[in-house]
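In the order they appear, the protein sequences are chains D and V.
Be aware that the first sequence starts at 67, since it is given in our numbering, and climbs by one per residue.
Be aware that the second sequence starts at 67, since it is given in our numbering, and climbs by one per residue.
Treat the hints with care, since some could be wrong.
Each pair may be met inside one copy or between any two copies, as identical chains are not told apart.
[To be verified] When the alpha-carbon atoms are kept at most 30 Å apart in a straight line, the in silico DSSO-like pairs for lysine-lysine are as follows:
1. K84 with K179
2. K247 with K179
3. K71 with K103
4. K247 with K71
Hints were generated in silico from the structure; no laboratory data involved.
Remember, predicted model here, so these are calculated numbers, not experimental data.
Number of protein chains: 2
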Amino acid sequence: MDEKKTRGVFAATLTPMKTDLSIDHEALARHCRWLLKNGCDGIVLFGTTGEANSLTVAERKEIIDMLLEGNPFAERLIVGTGCCAVGDTVDLTRHAQRYPVAGVLTLPPFYYKNVSDDGLFAAFDAVVQGVGAADLRIYLYHFPKMSGVPFSLNLIERFLKSYGNTFAGVKDSSGDFENMKAMIKAFPGFRVFAGTEAYLLDILRIGGAGCISATTNATGSLASEIFRRWESDDMSEAQARLTSVRKAFEAFPFIPGLKTMMARWTENDAWLNMRPPFLPLTREGSADLQERLNALHFRPNL
Amino acid sequence: MDEKKTRGVFAATLTPMKTDLSIDHEALARHCRWLLKNGCDGIVLFGTTGEANSLTVAERKEIIDMLLEGNPFAERLIVGTGCCAVGDTVDLTRHAQRYPVAGVLTLPPFYYKNVSDDGLFAAFDAVVQGVGAADLRIYLYHFPKMSGVPFSLNLIERFLKSYGNTFAGVKDSSGDFENMKAMIKAFPGFRVFAGTEAYLLDILRIGGAGCISATTNATGSLASEIFRRWESDDMSEAQARLTSVRKAFEAFPFIPGLKTMMARWTENDAWLNMRPPFLPLTREGSADLQERLNALHFRPNL
Numbered sequence: 067m068d069e070k071k072t073r074g075v076f077a078a079t080l081t082p083m084k085t086d087l088s089i090d091h092e093a094l095a096r097h098c099r100w101l102l103k104n105g106c107d108g109i110v111l112f113g114t115t116g117e118a119n120s121l122t123v124a125e126r127k128e129i130i131d132m133l134l135e136g137n138p139f140a141e142r143l144i145v146g147t148g149c150c151a152v153g154d155t156v157d158l159t160r161h162a163q164r165y166p167v168a169g170v171l172t173l174p175p176f177y178y179k180n181v182s183d184d185g186l187f188a189a190f191d192a193v194v195q196g197v198g199a200a201d202l203r204i205y206l207y208h209f210p211k212m213s214g215v216p217f218s219l220n221l222i223e224r225f226l227k228s229y230g231n232t233f234a235g236v237k238d239s240s241g242d243f244e245n246m247k248a249m250i251k252a253f254p255g256f257r258v259f260a261g262t263e264a265y266l267l268d269i270l271r272i273g274g275a276g277c278i279s280a281t282t283n284a285t286g287s288l289a290s291e292i293f294r295r296w297e298s299d300d301m302s303e304a305q306a307r308l309t310s311v312r313k314a315f316e317a318f319p320f321i322p323g324l325k326t327m328m329a330r331w332t333e334n335d336a337w338l339n340m341r342p343p344f345l346p347l348t349r350e351g352s353a354d355l356q357e358r359l360n361a362l363h364f365r366p367n368l
Numbered sequence: 067m068d069e070k071k072t073r074g075v076f077a078a079t080l081t082p083m084k085t086d087l088s089i090d091h092e093a094l095a096r097h098c099r100w101l102l103k104n105g106c107d108g109i110v111l112f113g114t115t116g117e118a119n120s121l122t123v124a125e126r127k128e129i130i131d132m133l134l135e136g137n138p139f140a141e142r143l144i145v146g147t148g149c150c151a152v153g154d155t156v157d158l159t160r161h162a163q164r165y166p167v168a169g170v171l172t173l174p175p176f177y178y179k180n181v182s183d184d185g186l187f188a189a190f191d192a193v194v195q196g197v198g199a200a201d202l203r204i205y206l207y208h209f210p211k212m213s214g215v216p217f218s219l220n221l222i223e224r225f226l227k228s229y230g231n232t233f234a235g236v237k238d239s240s241g242d243f244e245n246m247k248a249m250i251k252a253f254p255g256f257r258v259f260a261g262t263e264a265y266l267l268d269i270l271r272i273g274g275a276g277c278i279s280a281t282t283n284a285t286g287s288l289a290s291e292i293f294r295r296w297e298s299d300d301m302s303e304a305q306a307r308l309t310s311v312r313k314a315f316e317a318f319p320f321i322p323g324l325k326t327m328m329a330r331w332t333e334n335d336a337w338l339n340m341r342p343p344f345l346p347l348t349r350e351g352s353a354d355l356q357e358r359l360n361a362l363h364f365r366p367n368l
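Isolated chain D (complex conformation) (with noise of 0.2 Å):
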């Protein structure tokens, strides 16, 4: 694992299924690589996007083993693994650190609300301690909109005074740019993602790591360049753009606009099988996207 390749552009990969909804295993592959050769610097395999909370533990640990074995990227990868029960997140991760990825994408216990950090505190010392590995690199998944459980700035502390690099960063996804702001201030060395494309040039000018994010799957090539260029040129009509094709998956669920417009791209209806509580979009929802899309002229070369 080179730690400095984990930084730039990330996205949350969606979880390719079948019409019975068994997961895709070969298309999950594909897209992957894709994904790489998109501009990608990297991926994230069972973040929100990837229906990782439709999955099964059973179900995650195959598809790290069908994906990651003798697979050249798999330090490009970060696994998410966060569960409600710290003995599932121990189980995920070890299963995970068979393999040289870069890190876990880890959720706290997030059934439980209103926990102390000295119990969520306990509950990480509990998967350190259970997966026992000097090489895990944990990445803090600080989603307080969707896990109802936040990560205080007292409490990343905590852990990187207990466990140094173990904790190696964050996907901050709750659109707070002032949080990601005080973490990078806070603490140097902790590689603080943007949960979204649209802070990509306003966090790496503020020595943020990238972004990891759900649009990403669509629109890696345009963020990409702004990661590769943002030093020497002036990026922000890029990221205008950037921000303004985001903006129009967000008038939508992540999961089903983005599984739908993949179908449209890629002429292949096999791209709409998502699980419940996700379906397709609508006719008309459909058509609104693709609308706001066109208008930004905006297509991935798929």
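Dock chain V against the given chain D, drawing on the hints supplied.
Below, chain V without anything else, positioned relative to chain D:
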């Protein structure tokens, strides 16, 4: 399964654990027997209070087997089976259905928020089809503050229209008595349990089924007296006392509060074993709760 019995006072049982936080199956069976002896009409296994969401699916299946094999009170149990992944919910529900349980208490898939009623219907449709048992009785677990995913009246109506009494009732932990009222009024025969015994008398008076509560782990005998006598006697004083005890517990997180008090009452510190993100009450918190309960002269007959 005698469905008429599924009413009254249910406790969402605590889950006793050993020092290494593995399940203490014997202590759990003992506690369940005591709950029934202490006045509870039934038990919810794997509710929020049971730390269900800190247990793996495999652990829950083992607990079901250990507790229910040859168990004469299986029909007084409702088993919590709602997971984030529908696949897990089906797996657990099928497992519970091996025994003559009264029903299952099922959270919606609770990671993804702001999902549509269509999506939630599809999720429960997949559960009903996946379990495929004519005697399946689902109690919906409506707990918006914890799950972040409420059940609307429209959705419940759709469940009932499509599947009749497979959708047998609801545990309403919203704290919103108007919502309980509305369900009782709209859906005759649908069993509405209040999520707190503070509403026990109120909900019985309007045709509700009873309560399913965390704190009836301690208050079962008080609550059961109200349930047995409310039609013939004035139970408003008993209800006021019961509500006061409930309120004392509400000043603390339920799992730490209840386990800490069980440890004090039984003089058995094994009750202090709980999984992160929960930790025992501090010494001060513990003394404070004890004082509040002492002031009410409350102590269960353990």
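Status of each hint after checking the structure:
Proximity of K84 to K179 under the C-alpha cut-off of 30 Å is restricted to the inter-copy arrangement: shortest distance 24 Å between copies versus 35 Å within a copy. For a Cα distance limit of 30 Å, the shortest separation of K247 from K179 qualifies both inside one copy, at 25 Å, and across copies, at 26 Å. In this assembly of identical chains, the alpha carbons of K71 and K103 lie at most 30 Å apart only when taken from the same copy (16 Å versus 62 Å across copies). Taking the shortest Cα distances, K247 and K71 sit within 30 Å of each other inside one copy (22 Å), while across copies they are farther apart (58 Å).
The structure is consistent with each of the numbered hints, conforming to all of them.
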